[in-house]
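Going down the list, the sequences are from chains A and B. Heads up: the first sequence runs through residues 1 to 331, numbered per full-length UniProt numbering. Heads up: the second sequence runs through residues 1 to 686, numbered per full-length UniProt numbering.
Mixed in with the good hints, there may be bad ones.
Calculated lysine-lysine pairs in the DSBU-like style (CA-CA distance at most 35 Å, straight line) [said to hold, decoys possible]: (1) A/K91 <-> B/K622; (2) B/K472 <-> B/K462; (3) B/K622 <-> A/K214.
Please keep in mind that the hints were generated in silico from the structure rather than gathered at the bench.
Residues per chain, in single letters:
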Amino acid sequence: MLSPERLALPDYEYLAQRHVLTYMEDAVCQLLENREDISQYGIARFFTDYFNSVCQGTHILFREFSFIQATPHNRASFLRAFWRCFRTVGKNGDLLTMREYHCLLQLLCPDFPLELTQKAARIVLMDDAMDCLMSFSDFLFAFQIQFYYSEFLESVAAIYQDLLSGKNPNTVIVPTSSSGQHRQRPALGDAGMLDGVEASLFYQRLENLCDRHKYSCPPPALVKEILSNVQRLTFYGFLVALSKHHGINQALGALPDKGDLMHDPAMDEELERLLVQVPGLVNSITATSEASCLPSRTPPRVGSPWKPLHRSRKLDAESDGSTEETDESET
Amino acid sequence: MIPGKYRSVSGRAANNVNCGLHLVIQTSSLSDKNKVEFRLNRETPPFPGRLLQHDLERNYSSRQGDHISLVSSSMPAFPILQRSSEEKTLYSDRLTLERQKLTVCPIIDGEEHLRLLNFQHNFITRIQNISNLQRLIFLDLYDNQIEEISGLSTLKSLRVLLLGKNRIKKISNLENLKNLDVLDLHGNQITKIENVNHLCDLRVLNLARNLLSHVDNLNGLDSLTELNLRHNQITFVRDVDNLPCLQRLFLSFNNITSFESVSCLAESTSLSDITFDGNPIAQESWYKHTVLQNMMQLRQLDMKRITEEERRVASVVPKKEEEKKRESHKQSLLKEKKRLTINNVARKWDLQQRVANIASTQDRKDSESPPQESCQLDGGNISAFPEEAGSLDAGLSSALQGLSVTETHLVEIDGETLSLYGSGALECLDRNWSVQTAGMVTTVSFTFIEFDEIVQVLPKLKMKFPNSLHLKFRETNLVMLQQFNALAQLRRVDQLTIDPQGNPVVNFTLWKYYVLFRLSHFSMQKINGTEVTQNDMIMAERLFGILAHVASSELPQYRMISILGDARKKQFRYLLESKGKKPGIICEETSDSKRFLGENTNRATLNYTTREFYHEKLEEIKDKKKFCRLYVEDLVKEATAINMKNEALQKLWPQMFIELVRDAVIEIRSKDSYMKLCLQQITDQK
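For reference, chain A alone in the conformation it holds in the complex (with noise of 0.2 Å):
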């Protein structure tokens, strides 16, 4: 119940950064919204499930994006529901352009703004070819950092458009409009010398950033990690390099690992059962559906859809790890 950040903050204080307070209020406007049908149904019942799919996962299902980016949680567990949903797509091996994720994404949230999209496409793209054809996994892991670490990456931008223009004057700079991103042109002979900034400069800042940052940013040992490796690099070049850190992924907690993206034995089973249900079945599926039959041999866990994928299970990713064993100790 106590724990040592409890009593530092003052009571109210501690409850907002937590979210508890965002919860608290969603659930009570939800109880608003349906409180005749709710009414009928029991209003502890609805509290119970109400905390319940908060701790799923999956109370985001369908709802306004507002509320869908309002906590880390909520972020972490829409890409989860992403993932879980349109595995398949990926698993079929469908190429899709960017407009195409979108629709997809709204299908789970009907006001999810194109922007972000687009940003997680460039990511991808690396340019401004967007109506190219992307896969899955790439989409996801790149939507995945622009997503879950959105405002992180705007200031990223900022700062890697200074070190840009302080340190290196000669190179051309193409900010777009309003977003905050910023595009180079590649100088053809020499890019990986002249391109982007200074890795440890860069990370400096980088790690400053994430002291003071009030919204999650990446655990700075896996920045550090990342921008150890090179010398110099672009902008688009970290975000790539986050997206693809397995570290960063793991940290986030959102989804598999890389190679086990399209592995998910309890779906699977679900999915075959579905199968058989369509009408005038063709026994052609069985064929496919054994392979990803035989590893399911994990029970099923349908009544809790969020598990710990990881190590570490966080329903905060703000707190690092120190934070999250005495946590889980005093609770």
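Guided by the hints, dock chain B onto chain A, whose structure is given.
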């Protein structure tokens, strides 16, 4: 045509006549076949070649003038005709100069009593030297080379004038021939009927084989009974109703294409015999009964007697024909109107799309501007229209112009297809369609309508056209997969056709599977014309089955209630919005939505709210959220305050307890004094 030399000769000849000086020259070269004493001596032709070239020459010798000799003058003058007295007495009133190879009219002397003169088959180019024959009644100049009607002004008693097969270009110089009975001008080059209005006694006029392009200017011909106009190029006939005695009219082999162009014939009461054969009109199916219907007085048509039966048939059929024609005219009018309206709608749609694009780009920077844009749209629309109308044919455009400017939408039922163009067309779903019409409609096609607007009328569509199985969308701004969710509320859909034009969603690779998945309860047969296969169904399930599963099994119950509740409410609202409040409909609707719940529970949560409604809903929620925030904030603040007090109390409590105990202990330390004190208190109470 006339060689100069020759003309001068005839000019001199005219002089001679006037002087009354007749030069008689007996030519030495007589014709071989002379059997009569007096022969008509021919002038030796100044241009022999000209004679030779005529075919007529062949016949000439055998039929040559019977008892007439022509005394030809020498080179320059006219031949002079003389007849024996025997001849004169025998045929005192007639003279036949057929096939005499005459190139000019001979001077006919001493024959003033002649009543009949025949110059058939000669080469006469000019009518002259007959002005003295004032008792002439019959003048036949058939088959000559006359170019102009002239030299007839003195022949006041002429009744029959035959000028067929000549080279006359113009009807003229007939002013004095008031008694003319028969005028034959066939086989000439006349282009126009003129200068005949004074011929009040004329009974027969033959203008066949001329170059007439039309017939008019016929008034005054009060006695005309027969008018022959065969083999011209006549396209229309007028004035025939001004001919009170006309009985026979021959219009065969002309260029008459419609009955309207000869409609004056219907006014004529005297006509009994008419021919139209060889005209385009005679090929038409309606020809015979139209003519018979309009000209009840006819007794012969195209040389065939008209039977009673024909007349009866004719009186029935044309009515139908007329109706048919009117119908087809109406059809073409409608067609044209449809085309125009569609154009108009398309233009409006185009503008709207452009404005929407501008608005959406501006929206990001500046949310205030769109209303202005929409005003401009109206103005641009109206002004853009007239230039379109200019390209139409006059009749239609005048009929249409009034209508089309206001037409911004079009509703059309063609057999089993209901086509809607423009968003205004959706209002037609409020109309009371007859059960039969509505039942027939199996295909509904939407063009130039925002899909979001269509969504709002879908419940109505379901009720009004229960048999619609095939939906077509073209230029409807379908951009998202989730929009297809809206179609799930319909009763049945067998076929779906989404035209790629104006529907970007069709460019997605997944759209078809999504449709199949979301609308799987319809077991659709065709999408965009291609048969849906089993594999398609499985693929659809494979791709989206998990989505449905997640949506149905993992959605917390309170969300399920609220989403399904919303869907129901939404349908009410769409209905109520335009319908007013009819309790019956609502009842029907509720039972419907119950069924719809049962049909596809695991998909029902995937529904589509139009952007407008969605934003409205978000607005609504905003207020509630605000309230919730304040409420929760108050509660939490109160709770934390209580908690703080509680904690402070908890902190103080041990100390307080100790203090209390200490006080008590101190109080009872000396037993006696404490006892006294207690007793004192008890007595005090009493």
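So which hints don't hold here, by number, going up? 1
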